[in-house]
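Okay, here's what each chain looks like letter by letter:
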Amino acid sequence: MKCRKCGQKAAINMRHHKLALCKEHYLEWLPEQTARFIKKYRMFTPQERVLVAVSGGKDSLSLWDILWRLGYQADGLYIALGIDEGIAYSAESQRLCEAFAEARGLTLHIVDIAREYGASIPELARSDRRGKGKPCSVCGLVKRHEMNRIARDLGYDVLATGHNLDDEAAVLFGNTLNWQVEYLLRQGPVLPESPGLARKVKPLCRFYEREMAAYALLRGIQYIYDECPFAIGATSIYYKEMLNQLEAKRPGAKLSFYLSFLRAKEEGLFAPQEDVQQALDACPRCGQLTSAPGLCAFCRLIERASSEAKGAVRG
Amino acid sequence: MVKLILRDKEYEVEAGITLLKALKKVGILPESVIATREGEMITEDEVLKEGDVIKLIAVISGGR
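So the sequences go chain by chain: H and W. Once you know that position 265 of the first sequence is 265 in this note's numbering, the rest is easy, because the numbers rise by one and skip nothing. Once you know that position 44 of the second sequence is 359 in this note's numbering, the rest is easy, because the numbers rise by one and skip nothing.
What the hints contain is simulated information worked out from the structure, not anything from laboratory work. A hint or two may mislead.
Stated by the list, open to error - Calculated pairs, DMTMM-like style, for lysine to aspartate or glutamate (alpha carbon to alpha carbon, straight line, at most 25 Å):
hint: 1; chain 1: W; residue 1: 324; chain 2: H; residue 2: 241
hint: 2; chain 1: W; residue 1: 364; chain 2: W; residue 2: 353
hint: 3; chain 1: W; residue 1: 340; chain 2: H; residue 2: 84
hint: 4; chain 1: H; residue 1: 9; chain 2: W; residue 2: 323
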C-alpha cells in the first residue's frame with residue numbers, strides 16, 4: 001500500500017478515511033487534523049493556557065506532544081494515584097511523564113493523592129462502598145475533582161484530556177444502551193466552563209485509538225504499555241471490543257456513530273438542556289459544584305477515609 | 316512459517332498470506348492492534364514472508 005501524498009510505502013491505512021500515509025506524512029496529518037478540530041469545536045485559542053491531564057499513556061502524552069508542536073501554551077498535570085499491584089504502575093507512569101516533560105522542556109505539575117489526602121486510590125476505594133472490589137469509580141471521582149481544582153487554582157483557561165474516538169464511542173454506546181439522557185447531553189468535544197468548573201476539551205475525540213497508538217509509536221513517544229491493573233475486565237473495554245467487531249465489517253462505523261450523535265444533539269433530537277439541568281450547589285469545603293446540598297462526593301470520600309484512619313489509630 | 320506475537324502470546328501462520336488474512340486466522344481484530352516487522356509498521360495488505368516475526372501492539376486501553 002502506498003502513501004496517498006508521496007507514493008512511498010505506507011505505514012498506516014485508515015480504512016474509514018480511505019487514506020493510507022507514510023510515517024512522515026502521518027506525523028504531519030494528525031497534528032493538522034487536531035488543529036482543525038480545536039478550531040472547529042472552538043476548544044481554545046493560542047492565547048489561552050491549557051492544562052493537559054497526562055497519565056503516561058499513549059493518548060495523553062501524544063496530545064501534549066501535538067499541542068506543544070502546534071505552539072499552544074500547554075502544561076501537564078500528572079495525578080499520582082498510588083497504584084502498585086506488583087508492577088509499580090503509578091511509579092512507572094509518573095517516570096514516563098517526567099521524562100517526556102524534561103525532554104521537551106515542558107512544565108509538569110504533579111499531585112500525589114496519598115500525600116495530599118493521606119490515602120492512595122486503592123486505600124480510598126476500600127473505605128467507600130462504590131469502590132468495593134474495583135477502585136475505578138473512586139479513581140474517576142478523584143481525578144475529575146483534582147483536575148478541576150488544579151486547573152482553577154493555577155489559573156488555566158482550559159483542561160484538555162486525551163480521550164480518543166474509541167473512548168467516546170464506548171461511553172456513548174453504554175449511555176445509549178441505558179438511555180442515560182443526562183450523560184448524553186453532557187457528552188461532546190467541549191464541556192463549557194461554569195462557575196467553579198473549568199472548561200474541558202477533548203481534542204483527540206475524532207481519532208481512532210489505533211491512530212493514536214500509531215502516532216505515539218511513529219513519533220517515538222515512550223508510554224506505559226501495560227493496562228491499569230484495575231481496568232482489566234472493565235465494561236468500557238468490552239464495549240470497545242464490540243464496536244471494533246462492528247468496525248471490522250463496516251469501516252467507519254465508530255466514527256459515524258459518534259458524529260451522528262453530535263449532529264443529532266446539535267439538531268435538538270434530545271431533550272432541551274433546561275428540562276434536565278439540575279440546580280448545582282457549591283460544596284462548603286472545596287467550593288466545587290455538587291448536585292446535592294452539603295459536602296460533595298469527593299469531600300465525603302476524603303472525610304470517610306480520614307475518620308476510618310483515625311479509628312484505626314485509636315483502635 | 317510466520318510468527319505473530321501479541322503480549323505474552325505467540326501464534327503461527329503460513330507464509331505467503333496477507334497480514335489481514337493472518338490476523339483473521341488467529342482471531343485478532345485488525346482494528347485492535349498495530350503490526351510491526353523489524354520495528355517498522357506494516358499495513359494489512361502486506362504479504363508475510365517465511366521467517367517473519369510480526370510484533371502486534373495492542374491499542375485498546377480502558378477504565379477511564
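Legend entry - Violated hints, by number in ascending order, as checked against the structure: Numbers 3 and 4, in rising order.
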